[in-house]
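Please build the complex by placing chain Y on the supplied structure of chain L, with the hints as guidance.
Number of protein chains: 2
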Amino acid sequence: MVERRDRSVRNLEDALRDRLRQPGVVGFTGAPGTGKSTLVDGLVAHLRAEQTSVAVLATDPNSPFTGGAILGDRIRMQRHALDAGVFIRSMGARGHLGGLSLATRESIRLLGAFGFDEVIVETVGVGQSELEVASVADTTVVVLTPNLGDGIQMIKAGILEIADIFVVNKSDLDGHARVVTELRSMLNLAGPGASLRGGSGPSWKPPIVATVASRQEGVAEVWNAVLAHRRHLQESGLAGKLAAQRMKDETADVAAELARERARRALDEDPTLAGRLLDEGLPYRTAEEILRRGPIMGSER
Amino acid sequence: MVERRDRSVRNLEDALRDRLRQPGVVGFTGAPGTGKSTLVDGLVAHLRAEQTSVAVLATDPNSPFTGGAILGDRIRMQRHALDAGVFIRSMGARGHLGGLSLATRESIRLLGAFGFDEVIVETVGVGQSELEVASVADTTVVVLTPNLGDGIQMIKAGILEIADIFVVNKSDLDGHARVVTELRSMLNLAGPGASLRGGSGPSWKPPIVATVASRQEGVAEVWNAVLAHRRHLQESGLAGKLAAQRMKDETADVAAELARERARRALDEDPTLAGRLLDEGLPYRTAEEILRRGPIMGSER
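Chains L and Y, in that order, are what the protein sequence lines are.
Numbering-wise (the working numbering), the first sequence opens with residue 1 and increments by one.
Numbering-wise (the working numbering), the second sequence opens with residue 1 and increments by one.
The shape of chain L in the complex, shown without the other chains (with noise of 0.2 Å):
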């Protein structure tokens, strides 16, 4: 229902108010090939052996039909198929833009509500999918690897600035030690105040953690600088103010979205406003005036 935006999830939230929980969310984020998948797996069997539940919701900005993450999707069921403490979902872009932060923004809100202690978000760092893991994270881990082609310049301008951790994953690999060497220097370069648009505070220095994650190696490590990131938004005092930006933020994409979805009702049932949109070509003055009608009866509840 969230995904296809179906306006019953209004009804939803009602229904669950009172067993609302935020959960703690990771977001993770790398270029295809990185191995997100196998270290978020890993993760998974990590957190489970601890009694924790985990809810993984994999998102792929580059399937904005159909079906891109199906087959991987189907090969990580099986190894969760008989655990209820595992919920997975990938979720395509399905061509609406930029409703995907809002559909993962209200997918953690229900999981939490159906008890999941942990979410993690994972999606393939390309275009502006990472920022929207970004916005929605607590703490979002970004996944290189050794073989980074032209190295360390692969490095898109910006992931410095979301990164909190950094996993340096298939490490058995040649050319691991360069990759980390040059991500300390930028790290260096860029100064305290490098993880701040991530929401870290100047005062938090993102660690390198390395991982195979084929084999398990680090990847209790990785949950342990997780940990150590949340205990320090948790002691600067910032997690309760991400936690209050990201409410508004999530609101602040309803209200979006109630109008968008308002406008397109009242041009297609409105023929006489519509006619005039095309006559005179001033959406600035159809859109206001569409929002002053205020909603459509029976559209909104």
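Hint data in this document are derived by calculation from the structure and do not stem from the laboratory.
Mixed in with the good hints, there may be bad ones.
Any copy will do: because identical chains look the same in the list, a pair fits if it lies in one copy or spans two.
[Unchecked claim] Simulated crosslink set (DMTMM-like; lysine to aspartate or glutamate; CA at most 25 Å straight-line):
(1) Lys248 with Glu288
(2) Lys248 with Glu3
(3) Lys248 with Glu261
(4) Lys248 with Asp279
(5) Lys241 with Glu161
Same frame as chain L, now just chain Y:
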């Protein structure tokens, strides 16, 4: 003003209302390194030789923060710096999820009012940016090269559905014939409805044009294909339907933006409302209340 989402865009709309005129809009998308920019520069030269004025909006969704497109921008500006019939602007996504599409739509409308005959929208084909291009352009051109890596499989799901024209650039490279053959068989497999989503209708079969943009080879043929597609839209009656759909989409985008801003301001300026939101955790209820209240005094005109 449009890029920084200045409130005065609304006043611009009024000031220019008697000059509004829809330019031709052609979108170019493709992976990095396919030579899109060189091809677009070649088209600008071709159009200028015909006394057609042209604006280029280059959007780079990979540069959410700063400066990613600036160097290329400068180089291109130099070539056309003295020509008042050419306008070139690089627009970064600037972290505004979904906002690029609205800024592009508004820029197109303004460039039309300023008298530009043609607007070329150029974007790197990653994530959802090619969907944004297809949603604002009359004609969408997808640029490929013979060195596609693993061959035609590199073409992402969905690209068939938005392409009105395919260009195989760098067609002096090995593998050119193979890419064209594979592309043609994909198009035949997909059947006549392939380009439906792009708005061309079932009777349009996307042509495949070979170019060597760096030597201006095939550039005129690309433009002829654009004009043929434009005639097809006119003669099939789709042109009017697409224009109406785009104006409605833009109005819905504006309504969403107005509502989002209204929600942000309400939550910033009304501590009681914000406190209740954080207490109860009910974003739908809060968003609906904000929309019911109407605009905050002085914030919208």
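A quick look at each hint next to the structure:
For the identical chains of this complex, Lys248 and Glu288 are neighbours both inside a copy (22 Å) and across copies (13 Å), given an alpha-carbon limit of 25 Å. In the homo-oligomer, the alpha carbons of Lys248 and Glu3 lie at most 25 Å apart both inside one protomer (20 Å) and across protomers (23 Å), since each shortest distance falls under that limit. For the identical chains of this complex, Lys248 and Glu261 are neighbours both inside a copy (20 Å) and across copies (11 Å), given an alpha-carbon limit of 25 Å. Proximity of Lys248 and Asp279 under a CA criterion of 25 Å is satisfied inter-copy only: 12 Å between copies versus 37 Å inside one chain copy.
Proximity of Lys241 and Glu161 under a CA criterion of 25 Å is satisfied intra-copy only: 18 Å inside one chain copy versus 43 Å between copies.
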